[in-house]
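Participant: What follows is the residue order along each chain.
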Amino acid sequence: MHHKKENIDIEEKVFSFKIFRFDKRKDQGPYFECFNVKAKKGMTVLEALLKIQEDQDPSLVFRYSCRGAVCGSCAMIINGHPNLACRIQLANLPSPEVLIEPLPNFEIIKDLIVDMEPFWKAYRMVEPWLMPGEREKQGEHLVTEKNRAQIDQFVNCILCACCYGACPVVSRDEDYLGPAALAKLFRFIRDSRDKRNWEDTFKRLDNEHGAWGCDTVFRCVDACPKQVRPTDGIEALRRRMVLRPFIRQAAHEAKSESK
Amino acid sequence: MRNEVLSYDVIVIGGGLAGLMTSLGVTGSQKLALFSKVHPLRSHSLAAQGGLNAALGNVPGSADDSWEKHTFDTIKGSDYLADQDAVEIMCRMGPEVVYELEHWGVPFSRTPECKIAQRPFGGADYPRTCYATDRTGHVLLHTLYEQSCRKNVEVFSEWLVTSLVIEDNQVQGIIALHYESGEVRAFSARVVVFATGGYGRVYGNSTNALINTGSGIAVAYRAGVPIKDLEFVQFHPTTLYGTNILITEGARGEGGILVNNKGERFMKRYAEKLMELAPRDIVSRSMTTEILEGFGFENAYLHLDLRHLGREKIMERLPGICDIAIDFAGVDPVKEPIPVQPGQHYSMGGIDTNEKGETKIRGLYAAGECACVSVHGANRLGGNSLLETVVFGKIVSTHLREFLKSQGDTRDASFLDKALEKEKQRIEELLKRKGERRYTEIRDELRRVMFADVGIFRKEEELRRACEVVQRLKRDYRDVSVRHKSRYFNFELINVLELEGMLDLADIISRGALARRESRGSHFRTDYPKRDDPNWLRHTLATFTPNGPEFDYKEVKITRYAPQERKY
Numbered sequence: 001m002h003h004k005k006e007n008i009d010i011e012e013k014v015f016s017f018k019i020f021r022f023d024k025r026k027d028q029g030p031y032f033e034c035f036n037v038k039a040k041k042g043m044t045v046l047e048a049l050l051k052i053q054e055d056q057d058p059s060l061v062f063r064y065s066c067r068g069a070v071c072g073s074c075a076m077i078i079n080g081h082p083n084l085a086c087r088i089q090l091a092n093l094p095s096p097e098v099l100i101e102p103l104p105n106f107e108i109i110k111d112l113i114v115d116m117e118p119f120w121k122a123y124r125m126v127e128p129w130l131m132p133g134e135r136e137k138q139g140e141h142l143v144t145e146k147n148r149a150q151i152d153q154f155v156n157c158i159l160c161a162c163c164y165g166a167c168p169v170v171s172r173d174e175d176y177l178g179p180a181a182l183a184k185l186f187r188f189i190r191d192s193r194d195k196r197n198w199e200d201t202f203k204r205l206d207n208e209h210g211a212w213g214c215d216t217v218f219r220c221v222d223a224c225p226k227q228v229r230p231t232d233g234i235e236a237l238r239r240r241m242v243l244r245p246f247i248r249q250a251a252h253e254a255k256s257e258s259k
Numbered sequence: 001m002r003n004e005v006l007s008y009d010v011i012v013i014g015g016g017l018a019g020l021m022t023s024l025g026v027t028g029s030q031k032l033a034l035f036s037k038v039h040p041l042r043s044h045s046l047a048a049q050g051g052l053n054a055a056l057g058n059v060p061g062s063a064d065d066s067w068e069k070h071t072f073d074t075i076k077g078s079d080y081l082a083d084q085d086a087v088e089i090m091c092r093m094g095p096e097v098v099y100e101l102e103h104w105g106v107p108f109s110r111t112p113e114c115k116i117a118q119r120p121f122g123g124a125d126y127p128r129t130c131y132a133t134d135r136t137g138h139v140l141l142h143t144l145y146e147q148s149c150r151k152n153v154e155v156f157s158e159w160l161v162t163s164l165v166i167e168d169n170q171v172q173g174i175i176a177l178h179y180e181s182g183e184v185r186a187f188s189a190r191v192v193v194f195a196t197g198g199y200g201r202v203y204g205n206s207t208n209a210l211i212n213t214g215s216g217i218a219v220a221y222r223a224g225v226p227i228k229d230l231e232f233v234q235f236h237p238t239t240l241y242g243t244n245i246l247i248t249e250g251a252r253g254e255g256g257i258l259v260n261n262k263g264e265r266f267m268k269r270y271a272e273k274l275m276e277l278a279p280r281d282i283v284s285r286s287m288t289t290e291i292l293e294g295f296g297f298e299n300a301y302l303h304l305d306l307r308h309l310g311r312e313k314i315m316e317r318l319p320g321i322c323d324i325a326i327d328f329a330g331v332d333p334v335k336e337p338i339p340v341q342p343g344q345h346y347s348m349g350g351i352d353t354n355e356k357g358e359t360k361i362r363g364l365y366a367a368g369e370c371a372c373v374s375v376h377g378a379n380r381l382g383g384n385s386l387l388e389t390v391v392f393g394k395i396v397s398t399h400l401r402e403f404l405k406s407q408g409d410t411r412d413a414s415f416l417d418k419a420l421e422k423e424k425q426r427i428e429e430l431l432k433r434k435g436e437r438r439y440t441e442i443r444d445e446l447r448r449v450m451f452a453d454v455g456i457f458r459k460e461e462e463l464r465r466a467c468e469v470v471q472r473l474k475r476d477y478r479d480v481s482v483r484h485k486s487r488y489f490n491f492e493l494i495n496v497l498e499l500e501g502m503l504d505l506a507d508i509i510s511r512g513a514l515a516r517r518e519s520r521g522s523h524f525r526t527d528y529p530k531r532d533d534p535n536w537l538r539h540t541l542a543t544f545t546p547n548g549p550e551f552d553y554k555e556v557k558i559t560r561y562a563p564q565e566r567k568y
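Those protein sequence lines, which keep their order, are chains A and B. So in the UniProt record's numbering, spot 187 of the first sequence is number 187, and the numbers just go up one at a time. So in the UniProt record's numbering, spot 136 of the second sequence is number 136, and the numbers just go up one at a time.
No lab work stands behind these hints, which were simulated from the structure alone. Each hint should be verified, as a subset may be incorrect.
[As the list claims (entries may be wrong)] In silico EDC-like cross-links for lysine to aspartate or glutamate, where the CA-CA straight-line distance does not exceed 16 Å:
| hint | chain 1 | residue 1 | chain 2 | residue 2 |
| --- | --- | --- | --- | --- |
| 1 | B | K356 | B | D85 |
| 2 | B | K356 | B | E402 |
| 3 | B | K434 | B | D476 |
| 4 | B | K474 | B | D412 |
| 5 | A | K51 | B | E441 |
| 6 | B | K360 | B | D168 |
| 7 | B | K313 | A | E145 |
| 8 | B | K151 | A | E127 |
| 9 | B | K485 | A | E54 |
| 10 | B | K262 | B | E298 |
| 11 | A | K121 | B | E154 |
| 12 | A | K146 | B | E316 |
| 13 | B | K485 | A | E174 |
| 14 | B | K557 | B | E423 |
| 15 | A | K121 | A | E174 |
| 16 | A | K146 | B | D476 |
| 17 | A | K41 | B | E298 |
[Said to hold, decoys possible] If you want the footprint, here are the derived chain B segments under chain A, 3+ residues with CB under 8 Å:
| hint | segment |
| --- | --- |
| 18 | 75 to 81 |
| 19 | 107 to 117 |
| 20 | 393 to 406 |
| 21 | 535 to 543 |
| 22 | 557 to 564 |
This structure is a prediction, so every number in the text was calculated from the model and none was measured. Positions of the beta carbon are idealized from the N, C-alpha and C atoms, including for glycine.
One chain only, chain A, in its complex shape (with noise of 0.2 Å):
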């Protein structure tokens, strides 16, 4: 993966976004506003819009805070694609002109900004935490490099939303848990510290809102920023709660074997 983007330049030339408008409080449906920006070189999506609200229009509205793509503050939907604003420099794009609009599976209100709690509502309904078991007499738990490299691209999700704004499944059904938090349960579940009981873990999720929900077409893994593939813990969510009884004995054995 090597991208030569520098030497692209942009310096000057107007890139035109159309802009999803919409607010929840006075306006009968969402609409379309063109903005025109002059690009500078390494200008990313979420300049030329913090451009527009600074210069032209300070009531068009976004999240952002890091600016350096680790945040997960501005995903949105850039020319239909999910992804950070700031993440995409504007001499990458294929075109001049730019579709933004907000992500999707949420309700809007306003502009770009969305009511983002059915997604922490799902984060926290997997009880996202370590639960782990008796506290170790002195110093740390003991776990392999392996283990901790085996959950690392689970423990990268920066809960930016995009694969839940991507999921057909979460389009059609509100009380899908979704990509994100169905992944993080299964960075907990797959982290050698973890003690939870899988049985109340899964008596929960063992159904059409949860583990079984998901329609494999990775359109999460497709959507991520970050290089997760959400759809390869929801599957290894499934296997568990097939294999059940076998996999609890295999996992306490190799849990025994690495003390």
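Dock chain B against the given chain A, drawing on the hints supplied.
Facilitator: Relative to chain A, chain B alone:
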């Protein structure tokens, strides 16, 4: 409901590591609310990459490491401005807190013996920095947030705290503005904890998140709380050329080298022994010197070369750096050197607290980057900021619980009501103002002048100019109007409110730097290039007056380590 004042025992402002750690130590026993400008998981803590220091002695060559050695490295790194009792507390608690974080689920990288892995970092005699690849801040923030969900911490997201209410030297509560509704409300609290992070965006070329305007420090300052050592600003040596996104010191800890346009590993001329792993102030100055003398690329940056580490090690230890270099500079570190330049990174100074996190106001605490305990003195060592957030978050939670137990509730609701009316009026007036100036012009000029004239190298003439520019910008600010009048998600109003605080902080930084006629740690005066202990081994304190900051100084606490010259 609308005007009802919600009442809490404890209000924590800021949802980053310090705020979450404090909250976790308080929740359950006390009525607690956490306020944040953004959802806690969007806090700047997550941008930390390299790790946190604790003398665990887990890797070869560090078996005889100890908290005392960590203390010494930190004090030496601080150029002897740190309060030594506070540094001792932090370094002694390091291992215990790291183990606690591990038990809460932090997925640290591991040694072959399955222990927490540690890497070398700048200014440290041992490999002491515990890490999770190069995403340590991310995993710490996520883990603490997970715990806050487990413990049902009540969070007010997307609220900007605009003022702190103090009466009779006692905290009464806060006033905050809700982003979505635009509502301005008062919240009563017996204890308020500031954990609001740094002010990086007062400067141009900053590694900081866009939200790091220092609004918390500014609110405390306006309420009369003394601000300490604000002239000490850390410039990180390796920020990505173009965007100034952080490239972790861990890249050098893992063996990365800095190279100039002659292909020379120039750090050997500046810090013979530690080279690239000298403390950040020294490396940043060396790099700036190289660039000024014509040995940079495009007169702007140098090369951070990782190629000799090989693909496997780079991908294992520094995957986040690869993403950043590829996404933002189009450079793959496996194949090409990374273009880097020094950039504003961290604030050593902040709200004046003692080693318990207490301010001089009863019931008011501060922890993390917004606080100045001081454990970093004139220069912070890499890996000590994450440590500070979790250690002092914990310490503050312990002390505030004691405070609540031992002190009666002396709040008087009428003070809060009055303050709320005053604040509503202030915001109303701001919205009605008919000035010609745009907040963006003032903000952008402020950032330029702070980086250029109150930057890595400082001198009288430039500092004077900066002070004058800041005064002019403060006057111009009175002519700033808010064009957007709606209350609903009014980011222009929020930016204008925050800009006032940024100007206050710039005022304190530049005047403090002008007054300090010596060079110490990050504060380097080309006209006074030597450290001057007889006159300047003391903390700067700035207190708000309507005519600008009033300065005072106070003793540095020296326990066991007599100041000596720093050599690396």
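Participant: Would you mind marking each hint as holding or not holding in the structure?
Facilitator: Results for each hint:
Simply put, K356/B and D85/B have alpha-carbon atoms about 11 Å apart, close enough for the 16 Å limit, and the pair holds. Our distance criterion of 16 Å between C-alpha atoms is met by K356/B and E402/B, whose separation comes to about 11 Å. A hinted pair counts as satisfied when its Cα atoms are at most 16 Å apart, and K434/B with D476/B qualifies at roughly 13 Å. With a C-alpha separation of about 34 Å, the suggested pairing of K474/B with D412/B is violated against the 16 Å cut-off.
Proximity of K51/A to E441/B is assessed by CA-CA distance (about 13 Å); at most 16 Å being required, the pair is judged to hold. Proximity of K360/B to D168/B is assessed by CA-CA distance (about 12 Å); at most 16 Å being required, the pair is judged to hold. Between K313/B and E145/A the alpha-carbon distance is near 14 Å, which keeps this suggested pair within the 16 Å criterion. With a CA separation close to 11 Å, the supplied pair K151/B and E127/A stays within the 16 Å bound.
For the hint linking K485/B to E54/A, the alpha-carbon distance of about 14 Å falls within 16 Å, and the restraint holds. Restraint check for K262/B and E298/B: satisfied, since their Cα atoms lie roughly 13 Å apart, inside the 16 Å limit. Taken as a hint, the K121/A and E154/B pair is honoured in the structure, with Cα atoms around 14 Å apart against an allowance of 16 Å. About 11 Å separates the Cα atoms of K146/A and E316/B, which keeps this hinted pair within 16 Å; it holds.
At most 16 Å may separate the alpha-carbon atoms for a hinted pair to count; K485/B and E174/A exceed this at roughly 36 Å. Between K557/B and E423/B the alpha-carbon distance is near 39 Å, which puts this suggested pair outside the 16 Å criterion. For the given pair, K121/A sits about 11 Å from E174/A by alpha-carbon distance, which is consistent with the 16 Å threshold. Restraint check: the Cα-Cα separation between K146/A and D476/B comes to about 58 Å, which exceeds 16 Å; the hinted pair is violated.
Using a Cα cut-off of 16 Å, the hinted pair K41/A and E298/B holds, with the two alpha carbons roughly 15 Å apart. Against chain A, the segment 75 to 81 of chain B contributes 0 residues with a C-beta closer than 8 Å to a partner C-beta. That does not satisfy the three-residue criterion, and the hint is violated. With a threshold of 8 Å between beta carbons, the proposed coverage of the segment 107 to 117 of chain B by chain A holds, since 11 of its residues qualify and at least three are required. Residues of the segment 393 to 406 of chain B with a Cβ under 8 Å from some Cβ of chain A number 0, which does not satisfy the need for three, so the listed coverage is violated.
Counting residues of the segment 535 to 543 of chain B whose C-beta lies closer than 8 Å to any C-beta of chain A gives 0; at least three are required, and the coverage claim is violated. Residues of the segment 557 to 564 of chain B lying with their CB closer than 8 Å to a CB of chain A number 0, which falls below the three-residue condition for coverage.
Checked against the numbered hints given earlier, this structure breaks hints 4, 13, 14, 16, 18, 20, 21, 22; the rest are met.
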